[in-house]
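Chemist: For reference, the chains in residue letters:
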Amino acid sequence: MTETRVLTLFDQKYPGNLRDRPPLSWRRIPPTQFRAVNFVGGPDESVEIFAGNSNGAGLSNANRWLGQFGLSPVPDESTFASIEILGRPSLLVEARGSYNPGMGADPREGFALLGAIRESGGDVLTFKMVGPAEAVEGMRDEFIAYCESLENVDLHIIKEESETPES
Amino acid sequence: MSNSSPKSLGQKIWRVISGFEIAVVCLGLLFLLTFFGTIEQKWIGLYAVIQKYFDIDSFLVFPSRGDGKFIFLPLPGAYWVMVVLSINMFCGGLIRARKGWKTVGVLISHFAILFMLVAGAVSSVSKVEGQMSVYQGEKSDFAQKYHTTTIEVAKLDEEGHRLPPKIVPSESLRSLERNDVLRAEFPDEGFTMDITGMLGSSNLFMERTAERSNEDGPVVDGFFLREAEYNKDNELANMAGCYATVKDKEGNEIQELILWMGNPSPVSFVHNEQRYLVTLTMEIWPMPYEVELHKSVGEYYPGTRKASTFESTITKVANDQREDYKIFMNNPMRHGGFTLFQANWSDTGGKPFSGFAIVTNPSDKWPEYSLYVATVGLLIHFLLMLFRFAGGSSRSRKS
Chain A
1 MTETRVLTLF
11 DQKYPGNLRD
21 RPPLSWRRIP
31 PTQFRAVNFV
41 GGPDESVEIF
51 AGNSNGAGLS
61 NANRWLGQFG
71 LSPVPDESTF
81 ASIEILGRPS
91 LLVEARGSYN
101 PGMGADPREG
111 FALLGAIRES
121 GGDVLTFKMV
131 GPAEAVEGMR
141 DEFIAYCESL
151 ENVDLHIIKE
161 ESETPES
Chain B
1001 MSNSSPKSLG
1011 QKIWRVISGF
1021 EIAVVCLGLL
1031 FLLTFFGTIE
1041 QKWIGLYAVI
1051 QKYFDIDSFL
1061 VFPSRGDGKF
1071 IFLPLPGAYW
1081 VMVVLSINMF
1091 CGGLIRARKG
1101 WKTVGVLISH
1111 FAILFMLVAG
1121 AVSSVSKVEG
1131 QMSVYQGEKS
1141 DFAQKYHTTT
1151 IEVAKLDEEG
1161 HRLPPKIVPS
1171 ESLRSLERND
1181 VLRAEFPDEG
1191 FTMDITGMLG
1201 SSNLFMERTA
1211 ERSNEDGPVV
1221 DGFFLREAEY
1231 NKDNELANMA
1241 GCYATVKDKE
1251 GNEIQELILW
1261 MGNPSPVSFV
1271 HNEQRYLVTL
1281 TMEIWPMPYE
1291 VELHKSVGEY
1301 YPGTRKASTF
1311 ESTITKVAND
1321 QREDYKIFMN
1331 NPMRHGGFTL
1341 FQANWSDTGG
1351 KPFSGFAIVT
1361 NPSDKWPEYS
1371 LYVATVGLLI
1381 HFLLMLFRFA
1391 GGSSRSRKS
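Protein chains in written order, with my numbering: chain A, 1 to 167; chain B, 1001 to 1399.
Mixed in with the good hints, there may be bad ones.
[Unchecked claim] With a straight-line Cα cutoff of 25 angstroms, these simulated SDA-like cross-link-like pairs (lysine to any residue) come out: (1) K1351(B) / L18(A); (2) K1155(B) / F69(A); (3) K1306(B) / F1353(B); (4) K1127(B) / T8(A); (5) K128(A) / E1159(B).
Because the hints were derived from the structure by calculation, they are not lab data.
Whenever a hint applies, use it, and build me the whole structure from the sequences.
Modeler: As structure tokens, this is what we get:
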């Protein structure tokens, strides 16, 4: 009953033109308006991992995340560790405590956040992992490896040597 | 009294069906349809005019002007006029026509014209249509077939690249309704997929932000499907949705999935240490070439988001051969049995977008063949007439 199709550029398009290599324990679920990439993982799939684009500077995004855990904003980026994402140093944001996800949802005690923020000129790429603190801590290496494994794949973009025809 | 006058009712009906009168009326109607269609294509484009005037579903045509006002002259759809003309041609031009060596050329020509009409019918019924959507500065090598829904399951290799996907074909899903269950088998992969809750038009909601009613589908991964009103005017706007339960060979559930056509990226599950991506999508239709869209320009009707004119500058790349084209309303590109029209355009502030309708037709060459045959038939007929004339002239000179 099933058939096999040949590969096309449809199979080589990725959200945000970013090809990722998530660990097998992460599972893709439907994306949303603010989560172009959306995973669940960890024990009983209790951890949410998602990525998207955001406005503003890296520091303001990091402070917004800290605010979701009731933490005070920090004055500069030197507070955060750094990892490399797509060839650029990016902020690694961590928080623990009572997580307030917003949108009317109840706060969640004993949660943790591990996030990465990469500024790229006009906008900001954000990667966020939120869940029970123990689970998030256990998935720390996976998350960092995931962020560092990202690569730009834009095979559907016309390369520069393909010039616009004259007439 | 003439011997050819029909006597019985059957003879009278046969006389009408095979008579010249029907042929004349049909040809007159086809002239009007072609005339108004040619005028209207200036405004709505060749592809839309073909749909409006010549499609099998078009029983009655109301020609309209460029400003959207109708010309009050309802006409029968060209497809059905040609059906009547074909029957008339078969009865009158082949069966009823006098047969003999003197009329062999005419009979061949009649057969050729009938063959041309059949080619049109075959084209209308068996052609495949889809849309290739390309943003300016991008390229594509696939279209998506209209009115199809498929489920694609793609395994990933170690580097995370998709392998050629397995497809649950649209023929299997077409008749599926909300309460039906379809089991798709993936024997090579060692799992099955039970597809349930199929909705032809639906919206996807997050349980976190939307209130779910009893008529909505179950919650999976924090999302649920709600049936939406089917949009008959713009069928591409309908987003199908369904649920899929992946089971192993023993029937144990591996994963419950929620699938929605509006999702730009797939969902996944893992089986036997392999990740699979699952997508509900309009059937992907690989093309024998790539289309690079260099420039996409157009204009909207004032105060609307409906395109009034559009034009695309493209390069077709097939087997490393590059050819440049300009595609505009009545100027399609043809290649390898595929015809590419520009069907729509939009520019919402980001990259301009061109929507190309792609049509393939198994009887594409049949009209050409029928013209050759008709030419041969008419040549035979005119030569026979010439010989008869020449023979008659020489006899009268002798007498």
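Chemist: Hints first: check each against the structure and report whether it holds.
Modeler: Hints, verified against the model:
no., hint, result
1, K1351(B) / L18(A), "holds (19 angstroms)"
2, K1155(B) / F69(A), "violated (38 angstroms)"
3, K1306(B) / F1353(B), "holds (13 angstroms)"
4, K1127(B) / T8(A), "holds (22 angstroms)"
5, K128(A) / E1159(B), "holds (23 angstroms)"
Violated hint for the displayed structure: number 2, the only one.
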